[in-house]
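Protein chains: 6
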Amino acid sequence: MQRILVIIPIVTALFDEEVAREFSAVARPGTEVEVTHLTRGPASIESSYDEALATPEILERVKSAEEQGFSGVVIDCFGDPGVRAARELVRIPVVGAGSPSMLLAAGMGHRFSVVSVLQNVVPILEDIAKLSGVEDKLASVRSVNIPVLDLGDRQGLEGALLREMAIAVEEDGAHVLVLGCTGMMGVAGSLQRALEARFGHFVPVVDPVGASMAHLQGMLAMNTSHSKLTYMDPPQKKRA
Amino acid sequence: MQRILVIIPIVTALFDEEVAREFSAVARPGTEVEVTHLTRGPASIESSYDEALATPEILERVKSAEEQGFSGVVIDCFGDPGVRAARELVRIPVVGAGSPSMLLAAGMGHRFSVVSVLQNVVPILEDIAKLSGVEDKLASVRSVNIPVLDLGDRQGLEGALLREMAIAVEEDGAHVLVLGCTGMMGVAGSLQRALEARFGHFVPVVDPVGASMAHLQGMLAMNTSHSKLTYMDPPQKKRA
Amino acid sequence: MQRILVIIPIVTALFDEEVAREFSAVARPGTEVEVTHLTRGPASIESSYDEALATPEILERVKSAEEQGFSGVVIDCFGDPGVRAARELVRIPVVGAGSPSMLLAAGMGHRFSVVSVLQNVVPILEDIAKLSGVEDKLASVRSVNIPVLDLGDRQGLEGALLREMAIAVEEDGAHVLVLGCTGMMGVAGSLQRALEARFGHFVPVVDPVGASMAHLQGMLAMNTSHSKLTYMDPPQKKRA
Amino acid sequence: MQRILVIIPIVTALFDEEVAREFSAVARPGTEVEVTHLTRGPASIESSYDEALATPEILERVKSAEEQGFSGVVIDCFGDPGVRAARELVRIPVVGAGSPSMLLAAGMGHRFSVVSVLQNVVPILEDIAKLSGVEDKLASVRSVNIPVLDLGDRQGLEGALLREMAIAVEEDGAHVLVLGCTGMMGVAGSLQRALEARFGHFVPVVDPVGASMAHLQGMLAMNTSHSKLTYMDPPQKKRA
Amino acid sequence: MQRILVIIPIVTALFDEEVAREFSAVARPGTEVEVTHLTRGPASIESSYDEALATPEILERVKSAEEQGFSGVVIDCFGDPGVRAARELVRIPVVGAGSPSMLLAAGMGHRFSVVSVLQNVVPILEDIAKLSGVEDKLASVRSVNIPVLDLGDRQGLEGALLREMAIAVEEDGAHVLVLGCTGMMGVAGSLQRALEARFGHFVPVVDPVGASMAHLQGMLAMNTSHSKLTYMDPPQKKRA
Amino acid sequence: MQRILVIIPIVTALFDEEVAREFSAVARPGTEVEVTHLTRGPASIESSYDEALATPEILERVKSAEEQGFSGVVIDCFGDPGVRAARELVRIPVVGAGSPSMLLAAGMGHRFSVVSVLQNVVPILEDIAKLSGVEDKLASVRSVNIPVLDLGDRQGLEGALLREMAIAVEEDGAHVLVLGCTGMMGVAGSLQRALEARFGHFVPVVDPVGASMAHLQGMLAMNTSHSKLTYMDPPQKKRA
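Chains as they are written, first to last, in numbering that gives the first Met the number 0: chain A, 0 to 239; chain B, 0 to 239; chain C, 0 to 239; chain D, 0 to 239; chain E, 0 to 239; chain F, 0 to 239.
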């Protein structure tokens, strides 16, 4: 049986339950999903500064997950904080949410757009597309101008997402949409319906929860993991 | 319960059983996998000519799969023959094996190489990387110089694959390897072991069977499908 | 003396005469142009599905053209259906209309836009630009929203083309325009005049008829053809 | 009847006759080809310095060609010296030899290599590929290490070209070869035969003479020319 | 002590004093800046034609600067006229203004836009971005539609620059702005203030004077220069 | 007078003196260079894990440098750890060593290679080239296989660097070389001499010390800094 650890890289228990429910819903039947959050770090991730503060504890948690026998780890943030370093530390597969979502979206249509929270993260997400190798498929990154901690107002969120997604289709040429924050849970389905009503064609909305699990469990089904040629073990040395 | 149709786009029943076994092994528990092959087309696919001959019946089968209530379709060939046209015809998700394998590989390391059957298909697979948007992550496409119908000699195949994969790592800078033909079944695991023994680091080998199922079942888990903005329904007209 | 076969890959004789006239007008003096159309396939090509249905007979015709001593073949459709497979089958040069038009346009100015028939083909033509290597020179692909079989209304067509071409220049930064359907015959000259009147600078309009002949007859003048390293002969095998 | 001026941008009459013969051989029947060379400039072009010295008189000649009623102009050098500025000055089509050769080669196979004279020009020709938009199709630029003025030894030249072309195929992955200097006349045919003998597949060799004429006469057949949006008329002002 | 020669590649003394003052202001303390202009060439540079006319004397001046013991040379024009050829002729470092400005801007933010004088030079500057390798960081090139010789009206210039820069930020996604003509002196500071007032965030404006000196003096501080593998000495030969 | 803080992001005072000497040597006359190192973090930086551990204290130091009135900050490591987050926190210019070195190298020749310490960092440095926008100018990243803390053996280091640099020139096509670790101080000059002796042409070696200072002091000379549109202030929130 697979045991997956989902690390929410922020210092609040606010999202734990919903995250557990959402990940369990897309996981393969029989998967055990365990959710945890940080004790040191930011209340939400909306900048490189937040990512830098969250990363040290993320790395400790990933290391310990491997020792405890977890099959794999999801770092549940669209900015993929700490994923590169975490992959250096362990052999079990580790994924974030941003890169897997973009790679899946790249296979579902001609071009995709990401809609995220604040303007602050737009260049950060564009850089993830570059490093994932799919920048040629990226139509745009847009934001709804709502901070992570205000995403709880689902109706307001859906309205704002639909507005930006419609612009992404009409002006930026997007054919696939990606929810650009892991806090945007439970809205993909109704956005798909609203977009189809508007454009008269089915327009997929990729949910990072589903995309990160598909990437992780795809690796697990093949008994494989990230390459240790890319993510070599850190050399032994003093670290204070 | 999900029902997946796997279409082997060649006119032989030779691979049916093994394909069914391999796909079932990586599918989510509870998935019903049905395998079929063509009655008109080539004995194997090793050229654009073969792809062109196989495509008309592939399209009929995909159309009929949707009518029969299948949840999704895998066109089980690394060259993705007919995938674009098939996606125009139906709303259920359709995947090939090449593009999903490359997109998954792109997320597993810095650069990947594909090792396929004959030199004939090398430019075809490089073009798939371009159209999938991941050409910047493609280190090389190599071939073992063994026709599809001779892949049954597993020992010879593994030796040839290992030789080309080692060159891909050493000369082309590959960090992830991809099996470039869906006829190369059941060899990924032992190749991973051999590569790790040789290079002293874990080097993943992506099996197109697992990658295509991960891509397809990822879409299904999210209740989504390919974009009908990219793959619009073909206009009504006379077709003789 | 050169004998060129022009294959109109649709099941109607409607365009035969005009196509013969247009190709003869741009061919080198002394060229014998023969035009033919299909007996099996779609009434027009506006999707990958149409291309897939047309391709098998295209390939038979190209093969037979070589046997009958034709010097070269034009597959007269902007989507280049069957060109890749046809080049595998024969040694005489084969060209479509899309790729040669884009390559010629790339040499005539900083960036070009293609204006085609329906929105359905836009991603298909963008993919041709990618595979031809000139996507960096592509400003946009636009459509006039007129099906192929309605292109007979030349006045309506010219008006719609001019509108889209003007937007391509003003909003997309196009400096060269390309007619994105081989059914758009006989309109390039008057569009060039209208665009020059509008923008105060000469703006070229590439006609796919002229571009495909220039590419084909360029190869013939040099006694050369497409590379058989790229388009290797399909291996011998059973094809049902 | 078309009158084409071919400007050899060097201060010697050495090549005039052969150039006239070669261009006439590939021109459309009935074309009048006139060849001229410079009175001020370098003895050959093998550096940006040489190009800079040749350009002022090239521009005068192109301007005067338009006034004298020529239909179009070829600047007969693979480095395309002065082409950009010349296109600003006139409305009749002007082509060099490098960019048209690369664009034609891009349409003939998966990837091409250029083989030129000295190492000095390699980065210059790579830059032409970039500006022509086909750098993704460029496998390599190689040199035979023979100065332009020693190209008269045809046997030595053919041997050196064959050696470099074979390396381009085997090591750089070239499928199409391009002669990278307009002084390499009359050798393409026998190189094609030698390459086919060596590789067992037809490997095309693009001759810049044929390619530049195909590009120029393609534009002329369509009554079109380079875009004056890209190559705007230089503003009126004092020029000393 | 460093002696830098600044060549203004136009036939007027109009800018000499201001250029000397501006370059001295950004040079390292103790640098001796000498400014000169041409006796043969255009009154301003606004086309490839102007560049071609200016280049021969630029090359003589650069050659002579090296002989006179100058430490390095700035060719003070955003189009970098003659830089490539000049670097072939000498070993002391030579820079233009365009490429150094773009490279510096690429390091200061996510994407930059250049605002230059006339529409004529837009494709020329886009080509410089391509050849400098930073086209992926280029958001757009815009023009204020003011000829070089009218740049003296500083108030009008600043207003026009601010308008185009605001559009570059809002519509093209620029985060850094670059003054695209070396005649736009002394306005960067007030534009930075105006942009910050407008957007509420600091938006840098790169002045080509400062950027070219930083690039040149950076090389000098490291006792290095441009690569003679890229810019090989021109072969000895007759040049008339 | 400018005061520059150089942060060596490792927990040892070993390099402080030499770093101070090297930076002072390339700084503008009159610059006050202050060097510091960390109290928490790794002994050297050779992995993403090391970067993650070093970053939190780097950010505190940068923030405090701005408060103390420093003019600008160099984070003295080729991997640019914390640069993105640091730029979010402050308004004074902050640079690392990797991106400025690559941007300067891109302006000095056709293609550059980086030679760094261990194979572990090769993909990390290739990603910096991508995010800096100059990957098209990057010939290769190579390593000498010497850990940072063993770089003290200057003779061994120079020999190993020369070997890898020669391969970069001969096999990868590099025209400019970049020292890929800030611990490789004081060797650029003699490497330039050795490379020129070997290749018969001047081949520049970029020292990251000089390149980072040129980038930083270039910004300071222009009274500018990094864009706050790219590096927006982190939103106010709880950070534990």
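In short, the hints are calculated from the structure, not lab data.
A virtual CB, placed ideally from N, CA and C, is assigned to each residue, including glycine.
Heads up, a few of these hints could be off.
What the hints assert, rightly or not - In silico DSBU-like cross-links for lysine-lysine, where the CA-CA straight-line distance does not exceed 30 Å: (1) E:Lys129 with E:Lys237; (2) F:Lys62 with F:Lys237; (3) C:Lys236 with B:Lys237; (4) C:Lys129 with B:Lys62; (5) D:Lys236 with D:Lys62; (6) C:Lys129 with E:Lys129; (7) A:Lys129 with F:Lys236; (8) D:Lys62 with D:Lys237; (9) A:Lys237 with F:Lys62; (10) C:Lys62 with C:Lys129; (11) A:Lys236 with F:Lys237.
Said to hold, decoys possible - Here chain B is said to cover these stretches of chain A; the calculated rule only asks that three of the stretch's residues, wherever they fall, bring their Cβ under 8 Å from a Cβ of chain B: (12) 153-165; (13) 187-200; (14) 220-228.
Worksheet item: Going back to the hint list, which numbers does this structure go against?
Response: Violated: hints 1, 3, 11 and 12.
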